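Trainee: Now for the letters of each chain:
Protein chains: 2
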Amino acid sequence: MKKTIIKNVGLYQDHVIKEHQNIEITDDRISGFPTDKDLLDRVYDETLDGHGMLATPGFVNTHNHIAMTVFRSYADDMNLMDWLQTKIWPAEDHLDSDVVYNQTMLGIAEMIRCGTTSFADMYFFMDDTARAVAESGIRACLSRGMTGITPSAETALKENRQLFLDWHKKGDGRITVMLGPHAPYTNTAAYLQRVVALAKELGAEIHTHLSETKGEVEECRKKYGKSPIAWFDELGLFDTGCLAAHCVWVDADDLDIMARKHVRVAHNPGSNLKLASGIAPIGKMLEKGITVGLGTDGASSNNNLDIMEEMHLAALIHKANTLDPLVIPAETAVNMLTEGGAKALGYTDIGRLETGYKADITLIDRSGLHWYPRNDQMSLLAYAANSFDVDTVLVNGKILLRNKEFTTIDIEKIKHEAERTKNKLFASL
Amino acid sequence: MKKTIIKNVGLYQDHVIKEHQNIEITDDRISGFPTDKDLLDRVYDETLDGHGMLATPGFVNTHNHIAMTVFRSYADDMNLMDWLQTKIWPAEDHLDSDVVYNQTMLGIAEMIRCGTTSFADMYFFMDDTARAVAESGIRACLSRGMTGITPSAETALKENRQLFLDWHKKGDGRITVMLGPHAPYTNTAAYLQRVVALAKELGAEIHTHLSETKGEVEECRKKYGKSPIAWFDELGLFDTGCLAAHCVWVDADDLDIMARKHVRVAHNPGSNLKLASGIAPIGKMLEKGITVGLGTDGASSNNNLDIMEEMHLAALIHKANTLDPLVIPAETAVNMLTEGGAKALGYTDIGRLETGYKADITLIDRSGLHWYPRNDQMSLLAYAANSFDVDTVLVNGKILLRNKEFTTIDIEKIKHEAERTKNKLFASL
Chain A
1 MKKTIIKNVG
11 LYQDHVIKEH
21 QNIEITDDRI
31 SGFPTDKDLL
41 DRVYDETLDG
51 HGMLATPGFV
61 NTHNHIAMTV
71 FRSYADDMNL
81 MDWLQTKIWP
91 AEDHLDSDVV
101 YNQTMLGIAE
111 MIRCGTTSFA
121 DMYFFMDDTA
131 RAVAESGIRA
141 CLSRGMTGIT
151 PSAETALKEN
161 RQLFLDWHKK
171 GDGRITVMLG
181 PHAPYTNTAA
191 YLQRVVALAK
201 ELGAEIHTHL
211 SETKGEVEEC
221 RKKYGKSPIA
231 WFDELGLFDT
241 GCLAAHCVWV
251 DADDLDIMAR
261 KHVRVAHNPG
271 SNLKLASGIA
281 PIGKMLEKGI
291 TVGLGTDGAS
301 SNNNLDIMEE
311 MHLAALIHKA
321 NTLDPLVIPA
331 ETAVNMLTEG
341 GAKALGYTDI
351 GRLETGYKAD
361 ITLIDRSGLH
371 WYPRNDQMSL
381 LAYAANSFDV
391 DTVLVNGKIL
401 LRNKEFTTID
411 IEKIKHEAER
421 TKNKLFASL
Chain B
1 MKKTIIKNVG
11 LYQDHVIKEH
21 QNIEITDDRI
31 SGFPTDKDLL
41 DRVYDETLDG
51 HGMLATPGFV
61 NTHNHIAMTV
71 FRSYADDMNL
81 MDWLQTKIWP
91 AEDHLDSDVV
101 YNQTMLGIAE
111 MIRCGTTSFA
121 DMYFFMDDTA
131 RAVAESGIRA
141 CLSRGMTGIT
151 PSAETALKEN
161 RQLFLDWHKK
171 GDGRITVMLG
181 PHAPYTNTAA
191 YLQRVVALAK
201 ELGAEIHTHL
211 SETKGEVEEC
221 RKKYGKSPIA
231 WFDELGLFDT
241 GCLAAHCVWV
251 DADDLDIMAR
261 KHVRVAHNPG
271 SNLKLASGIA
281 PIGKMLEKGI
291 TVGLGTDGAS
301 SNNNLDIMEE
311 MHLAALIHKA
321 NTLDPLVIPA
331 ETAVNMLTEG
341 GAKALGYTDI
351 GRLETGYKAD
361 ITLIDRSGLH
371 WYPRNDQMSL
381 LAYAANSFDV
391 DTVLVNGKIL
401 LRNKEFTTID
411 IEKIKHEAER
421 TKNKLFASL
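So the protein sequences, as listed, match chains A and B. With full-length UniProt numbering, the residue at position 122 of the first sequence is 122, and numbering never jumps. With full-length UniProt numbering, the residue at position 230 of the second sequence is 230, and numbering never jumps.
Since the hints were made in silico from the structure, they are not lab data. A quick note: this is a predicted structure, and the numbers were derived from the prediction, not measured. The reader is advised that the hints may include incorrect statements.
[As the list claims (entries may be wrong)] For lysine to aspartate or glutamate, the following DMTMM-like pairs were computed, each having C-alpha atoms within a straight-line distance of at most 20 angstroms: (1) B/424 <-> A/376; (2) B/415 <-> A/365; (3) B/169 <-> B/154; (4) A/169 <-> A/49; (5) A/7 <-> A/45; (6) A/413 <-> B/159; (7) B/413 <-> A/365; (8) A/404 <-> B/159; (9) A/404 <-> B/376; (10) B/404 <-> A/365; (11) A/18 <-> A/38; (12) B/222 <-> B/239; (13) A/415 <-> B/365; (14) A/214 <-> B/324; (15) A/424 <-> B/376; (16) A/87 <-> B/376; (17) B/214 <-> A/49; (18) A/7 <-> A/19; (19) B/170 <-> B/159; (20) A/18 <-> A/28; (21) A/158 <-> A/218; (22) B/226 <-> B/239; (23) A/226 <-> A/201; (24) A/200 <-> A/218; (25) B/87 <-> A/365; (26) B/18 <-> B/45; (27) B/404 <-> A/405; (28) A/415 <-> B/376; (29) B/415 <-> A/376; (30) B/169 <-> B/49; (31) A/87 <-> B/324; (32) A/261 <-> A/219; (33) B/87 <-> A/376.
[To be verified] Label-pair ranges, simulated between beta-carbon atoms: (34) B/284 <-> A/84: 49 to 55 angstroms; (35) A/170 <-> B/284: 49 to 55 angstroms; (36) B/261 <-> A/18: 43 to 49 angstroms.
[What the hints assert, rightly or not] What the simulated footprint calls covered on chain B by chain A, stretch by stretch (three residues with Cβ under 8 angstroms from a Cβ of chain A suffice, anywhere in the stretch; the number is not a length): (37) 227 to 235; (38) 282 to 292; (39) 297 to 304.
All C-beta atoms, glycine included, are put in the ideal place defined by N, C-alpha and C.
Excised from the complex, chain A in its bound form (with noise of 0.2 angstroms):
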């Protein structure tokens, strides 16, 4: 049993910042928050100093396709299908495991040094994901990207099968397994119905894209007179649980279904509008108790995958789309980056800084400028913060940043084979 105390430190709990609390941590979980007073005779096998910091649940990043860290900054300003059919399609035919798990070390390391602790991926490959997460310390929700109408499709469906067999709650039980129907505009009616079956004889939950383009609600609507989460739901996808990534093209039917469903929202509001996609109606399924989480979507679309930058734009966007200065309040968009996200991907012991809960914990350092001077300190952290405020980053109660370095990867050696897989891989096309 390991007893580690983080001492004096800002205290994000119940929607309020307390200062001066201590954190109790035993082993995996937080088991207290002890007054000063008790830990006079206490013995921790690990003390933290928390001067200065300010205490949240570790980050949430519930949309990533990991390895698409090779693609960051590859091919910019295209337009869309352009930009899959001339560069994106081409080079995946030449990722390896190899790329595969280099690129995603990569990834990782990024998103620990923004303060994320757990995120949700979909793409292929997804057993070099698994080992990476496993060797890395993060918590992942993994999924096998599945579409139904490419070659891949029988494959697919057996990979997340497999997926699902050999990582469910490994890797110190960091790991959960999810199902990846790409998006309803690359499936069918049959291979949907097939994979749920799946996810009902696997008790699996779906992570998805749902209604991400203007163009794919109207091709939906054309092709089976629906929006594709009404024909989501009519084929049983949110039947298990669902993590729908984007949902920028919802209206008030869709709004209502996602409430009922308890459909949770991955909102990636960097890739939207880089991608041109448009502003999700965030506020709307906020007042429908729906939940939302955080994505940075993959760093190809993006092209950082700081979720501290994503929540900033979350505060912001909604605002000046909906002329209402009143949306999306600076708690609120913190929520989203915790608490939201973590129960966006399902977990029930996550998200929140609570006896019992998994030592999930992100420090962020308050000595910058920008911190000062010392008015509302919520406000701060969502509207002035920097992920460059990250000092100290535990998942599952293990530290896996401290004093903004790395205490368990190597960051010369993740650099050098992200070069590395790189040229390897654009030197085969």
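Use these hints to put chain B onto chain A, whose structure you have.
Mentor: Below, chain B alone, put in the same frame as chain A:
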């Protein structure tokens, strides 16, 4: 005569990035780009190793109310008039030289840390702001905010005139002064005509807010039968040169006037989003050849002074707003941050890395994880970079930041004084 060399650096010049370049500085100006061979027999007073770095023209923050840094995160998530009437205006009545000087020093330090080498400001107690600019080494274009409809109208005119006489072209030429008629809705035609007369007498340019909110434009049309831009044009506000902040609600006629009268725009995406003002049609402005720079606006409506974040916002939001992924490509965003901003402030020898130009230079550290793998550098700068990548800042040939540390500014003193003056201000309310 002092000679400085920046060796072996990536150079952003003529819209592209070239690696392994050298930049020679003589006193306050760039004096050439010697080859490695040239360097063999030259001697320098100071050598900066640019290995791995990217040199860009110093970033320009085209719109700020820097003393309002005291109000950073003091009051957020409120309606504009509520915020002004219950929070900002009552507190502004208690400002003094001490508060303004020290909060200005805080804001200047934050801006330098973010790579900013010059900024435009409009507020009051501008003599204290000028003093902070002179001492700190940054470059600034200052104006006294003038509201014709308030009791300070006469004082403001007198103070802006005196500011021009005392500070224009002072501080080693780093300070320029404009006249600052606040906005259409806080002024009268008669008062604005006096401002125009003063501008013509002094040969001074104008810095103002224009067409920031939908309500402002509607009210102006009701009152004067024309848009704020048409009204200002008619009154002669554009005749001596004009820097106009926001320009969110502008129609085709307004854009024609702006192009014809060379109105230069300070685009403040963060503030426009946060205050729910809307999204300015920047793509259309650039198409018409209108000069656009980026601004943070005051920290009270942002809530930081991170101009790289504004670049990132500008590169993203217009794509979603127009549903066009090709609008504001990476290099356009970088150009607004540098050359566009310098032109907006009326500088003719700043904003490019060219022989004879002022040595206002920002060096960006590219060792961060988010700069890997090494794909397109311009795209990485626009979409992936973070202001904490800024390593070195020179203004007028003088090094203000080196290895991410301030060389001339005492940061702990600045934080202490910012806190002291904030407490003093709020204690007096």
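Trainee: Each hint should be assessed against the structure and marked as holding or not.
Mentor: For each hint, the structure was consulted:
Restraint check: the Cα-Cα separation between residue 424 of chain B and residue 376 of chain A comes to about 17 angstroms, which is no more than 20 angstroms; the hinted pair holds. Taking the CA atoms of residue 415 of chain B and residue 365 of chain A, the gap is near 15 angstroms; set against the 20 angstroms cutoff, the hint holds. At most 20 angstroms may separate the alpha-carbon atoms for a hinted pair to count; residue 169 of chain B and residue 154 of chain B exceed this at roughly 24 angstroms. Taking the CA atoms of residue 169 of chain A and residue 49 of chain A, the gap is near 32 angstroms; set against the 20 angstroms cutoff, the hint is violated.
Restraint check for residue 7 of chain A and residue 45 of chain A: satisfied, since their Cα atoms lie roughly 13 angstroms apart, inside the 20 angstroms limit. A hinted pair counts as satisfied when its Cα atoms are at most 20 angstroms apart, and residue 413 of chain A with residue 159 of chain B does not qualify at roughly 59 angstroms. Between residue 413 of chain B and residue 365 of chain A, the direct Cα distance comes to roughly 19 angstroms. Compliance with the 20 angstroms bound is thereby established for this hinted pair. At roughly 47 angstroms between alpha-carbon atoms, residue 404 of chain A and residue 159 of chain B are farther apart than 20 angstroms, so this suggested pair is violated.
Taking the CA atoms of residue 404 of chain A and residue 376 of chain B, the gap is near 27 angstroms; set against the 20 angstroms cutoff, the hint is violated. Taking the CA atoms of residue 404 of chain B and residue 365 of chain A, the gap is about 17 angstroms. The hint holds against a cut of 20 angstroms. Restraint check for residue 18 of chain A and residue 38 of chain A: satisfied, since their Cα atoms lie roughly 18 angstroms apart, inside the 20 angstroms limit. For the hint pairing residue 222 of chain B with residue 239 of chain B, the CA-to-CA distance comes to about 25 angstroms; that exceeds 20 angstroms, so the pair is violated.
The suggested pairing of residue 415 of chain A with residue 365 of chain B holds, with an alpha-carbon distance near 15 angstroms, which does not exceed 20 angstroms. Distance check on the hinted pair: residue 214 of chain A and residue 324 of chain B sit about 12 angstroms apart at the alpha-carbon level, within 20 angstroms; holds. As the CA atoms of residue 424 of chain A and residue 376 of chain B are separated by approximately 17 angstroms, the hinted pair is consistent with the 20 angstroms bound. Using a Cα cut-off of 20 angstroms, the hinted pair residue 87 of chain A and residue 376 of chain B holds, with the two alpha carbons roughly 14 angstroms apart.
Proximity of residue 214 of chain B to residue 49 of chain A is assessed by CA-CA distance (about 49 angstroms); at most 20 angstroms being required, the pair is judged violated. As the CA atoms of residue 7 of chain A and residue 19 of chain A are separated by approximately 11 angstroms, the hinted pair is consistent with the 20 angstroms bound. Among the hinted pairs, residue 170 of chain B with residue 159 of chain B is consistent with the structure: their alpha-carbon atoms are about 17 angstroms apart, no more than 20 angstroms. The hinted pair formed by residue 18 of chain A and residue 28 of chain A fails the criterion: a straight-line CA distance of about 23 angstroms is larger than 20 angstroms.
Simply put, residue 158 of chain A and residue 218 of chain A have alpha-carbon atoms about 31 angstroms apart, too far for the 20 angstroms limit, and the pair is violated. Of the pairs offered as hints, the one joining residue 226 of chain B and residue 239 of chain B holds, with about 18 angstroms between alpha carbons and a cut-off of 20 angstroms not exceeded. Proposed proximity of residue 226 of chain A and residue 201 of chain A is contradicted: the alpha carbons are some 28 angstroms apart, above 20 angstroms. With a C-alpha separation of about 30 angstroms, the suggested pair residue 200 of chain A and residue 218 of chain A falls outside the 20 angstroms cut-off, and the hint is violated.
A threshold of 20 angstroms between alpha carbons decides the hint, and for residue 87 of chain B with residue 365 of chain A the separation of about 28 angstroms lies outside it, so the pair is violated. For the hint linking residue 18 of chain B to residue 45 of chain B, the alpha-carbon distance of about 25 angstroms lies beyond 20 angstroms, and the restraint is violated. For the hint linking residue 404 of chain B to residue 405 of chain A, the alpha-carbon distance of about 17 angstroms falls within 20 angstroms, and the restraint holds. The suggested pairing of residue 415 of chain A with residue 376 of chain B holds, with an alpha-carbon distance near 16 angstroms, which does not exceed 20 angstroms.
Distance restraint check for residue 415 of chain B and residue 376 of chain A: the Cα-Cα separation of roughly 16 angstroms lies within the 20 angstroms cut-off, and the hinted pair is therefore satisfied. For the given pair, residue 169 of chain B sits about 32 angstroms from residue 49 of chain B by alpha-carbon distance, which is inconsistent with the 20 angstroms threshold. This hinted pair checks out: residue 87 of chain A and residue 324 of chain B have alpha carbons roughly 19 angstroms apart, not beyond 20 angstroms. Pair hint residue 261 of chain A plus residue 219 of chain A does not hold up; C-alpha atoms about 23 angstroms apart against a cutoff of 20 angstroms.
For the hint linking residue 87 of chain B to residue 376 of chain A, the alpha-carbon distance of about 14 angstroms falls within 20 angstroms, and the restraint holds. Take residue 284 of chain B and residue 84 of chain A: their Cβ atoms lie about 28 angstroms apart, and the range 49 to 55 angstroms is violated. A hinted range of 49 to 55 angstroms holds for the C-beta pair residue 170 of chain A and residue 284 of chain B, which are about 53 angstroms apart. About 55 angstroms separates the C-beta atoms of residue 261 of chain B and residue 18 of chain A, a value inconsistent with the hinted range of 43 to 49 angstroms.
Only when three residues or more bring their CB closer than 8 angstroms to a CB of chain A does the claim for the region 227 to 235 of chain B stand; here the count is 0, and the claim is violated. Requiring three or more residues with a Cβ within less than 8 angstroms of a Cβ of chain A, the coverage given for the region 282 to 292 of chain B is violated, as only 0 such residues are present. With 4 residues having a Cβ less than 8 angstroms from any Cβ of chain A, the region 297 to 304 of chain B passes the three-residue criterion, so the hint holds.
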